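**Student:** All chains should be built: construct the whole structure from the sequences, respecting the hints.
Be aware that the sequence shown starts at 840, since it is given in the working numbering, and climbs by one per residue.
Just to be clear, a hint being listed does not mean it is correct.
Said to hold, decoys possible - Cut-off 27 Å, straight-line C-alpha distance, at most; resulting in silico cross-link-like pairs (DSSO-like, lysine-lysine):
hint, residue 1, residue 2
1, 974, 990
2, 1048, 957
3, 968, 1048
4, 990, 957
5, 937, 957
6, 999, 968
7, 1064, 999
8, 937, 1048
9, 937, 970
10, 955, 937
11, 1038, 1048
12, 1048, 970
13, 957, 974
14, 938, 957
15, 994, 1064
16, 957, 994
17, 994, 1038
18, 938, 974
19, 968, 990
20, 990, 970
21, 1048, 974
22, 974, 994
23, 990, 938
24, 974, 937
25, 999, 937
26, 955, 974
27, 994, 970
28, 970, 999
29, 970, 957
30, 957, 1038
31, 999, 938
32, 970, 938
33, 1048, 938
34, 937, 1038
35, 1064, 1038
36, 1048, 994
Hints in this document: simulated from the structure, not taken from any laboratory.
This structure is a prediction, so every number in the text was calculated from the model and none was measured.
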Amino acid sequence: MNKKLWCIGLLTLVMVVGVACGQKPTTGPNVSNNNGNTVTEEQGAAGTPDENTVPEVGSNGTEGESTPTTPDTTAEVTPTPTETPTPTPTPKPTETVKKETIEVYFTDPQAMELMKSKQEITFEDDIQKYKAAYKVLASSAHSELIPLWAKIELKSLDFKVGAITLDIHMPDEARQGAGEEQFAIDALRNTLFQFDEVKSIELLVDGEKVESLMGHVELEHPMMK
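**Tutor:** Here you go:
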């Protein structure tokens, strides 16, 4: 009888202790994670990071940090083509037109004598001056002054170091008698030798030195002043 009561009392005590333990708040055991850090049950409830969550890694390799990218402010500069300035041609100096009154020689209508006349010529240089002198020698505006070189063509005229060289073409109709031939040579000499710088005259016919201009009078090569 006493033994039965003792067993009932012991069973009752175990039940009381069990009820008391079920009502007391329990603190969960500490759990160690894989890194060796101790995480309590309260810390796990507050926000234990998920093992599947990958932390944000910045561009510099540091977790959670992001390095801002600096924009490239260097703009590509296209070189502007340089225009080559067109050189301005140097204007040639304008030569002054000169005028001069010279003595020109003709013959009379009967070819009896050599006659002198004053004529005005215009020119820019010496070559033009001698050509202008020949031109007035071969023409006349007066009926009393007969040009002796009217039908003789001047092909070219050159002047070097005091020497004039004339190349002429003389057709058959330009040939005259001995008197007119001598007058023609004298008229040419007197007209060109009046220029101080002219010292000699070389007269060519179609580029050749000839013995006589018209077949009557011997022609000097060159004629000297």
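**Student:** Would you mind marking each hint as holding or not holding in the structure?
**Tutor:** Results for each hint:
1. 974 / 990: It holds: about 11 Å lies between the C-alpha atoms, which stays within 27 Å.
2. 1048 / 957: Given that 27 Å is the threshold and the Cα spacing comes to 31 Å, the pair is violated.
3. 968 / 1048: This hinted pair holds, its Cα atoms lying about 24 Å apart.
4. 990 / 957: holds (21 Å)
5. 937 / 957: holds (16 Å)
6. 999 / 968: holds (14 Å)
7. 1064 / 999: Within the cut-off at roughly 15 Å; holds.
8. 937 / 1048: violated (33 Å)
9. 937 / 970: This hinted pair holds, its Cα atoms lying about 14 Å apart.
10. 955 / 937: Measuring from Cα to Cα gives roughly 22 Å; hence the hint holds.
11. 1038 / 1048: Satisfied, since the Cα-Cα distance of roughly 19 Å is no more than 27 Å.
12. 1048 / 970: Since the Cα atoms of residue 1048 and residue 970 sit roughly 20 Å apart, the hinted pair holds (cutoff 27 Å).
13. 957 / 974: Status holds; Cα separation ~14 Å.
14. 938 / 957: At roughly 13 Å apart (the allowed maximum being 27 Å), residue 957 and residue 938 satisfy the hint.
15. 994 / 1064: Holds, because 23 Å separates the two Cα atoms, which is no more than 27 Å.
16. 957 / 994: holds (25 Å)
17. 994 / 1038: holds (21 Å)
18. 938 / 974: holds (15 Å)
19. 968 / 990: holds (21 Å)
20. 990 / 970: At roughly 16 Å apart (the allowed maximum being 27 Å), residue 970 and residue 990 satisfy the hint.
21. 1048 / 974: Judged against 27 Å, a Cα distance of about 22 Å means the pair holds.
22. 974 / 994: holds (12 Å)
23. 990 / 938: holds (26 Å)
24. 974 / 937: holds (16 Å)
25. 999 / 937: OK: residue 999 and residue 937 at ~21 Å, within 27 Å.
26. 955 / 974: holds (15 Å)
27. 994 / 970: Within the cut-off at roughly 11 Å; holds.
28. 970 / 999: Distance ~14 Å between residue 970 and residue 999 Cα, so the pair holds.
29. 970 / 957: Holds. Residue 970 to residue 957 sits at ~16 Å (cutoff 27 Å).
30. 957 / 1038: holds (22 Å)
31. 999 / 938: holds (22 Å)
32. 970 / 938: holds (14 Å)
33. 1048 / 938: violated (33 Å)
34. 937 / 1038: Satisfied, since the Cα-Cα distance of roughly 22 Å is no more than 27 Å.
35. 1064 / 1038: Answer holds: residue 1064 to residue 1038 is near 5 Å, not above 27 Å.
36. 1048 / 994: holds (14 Å)
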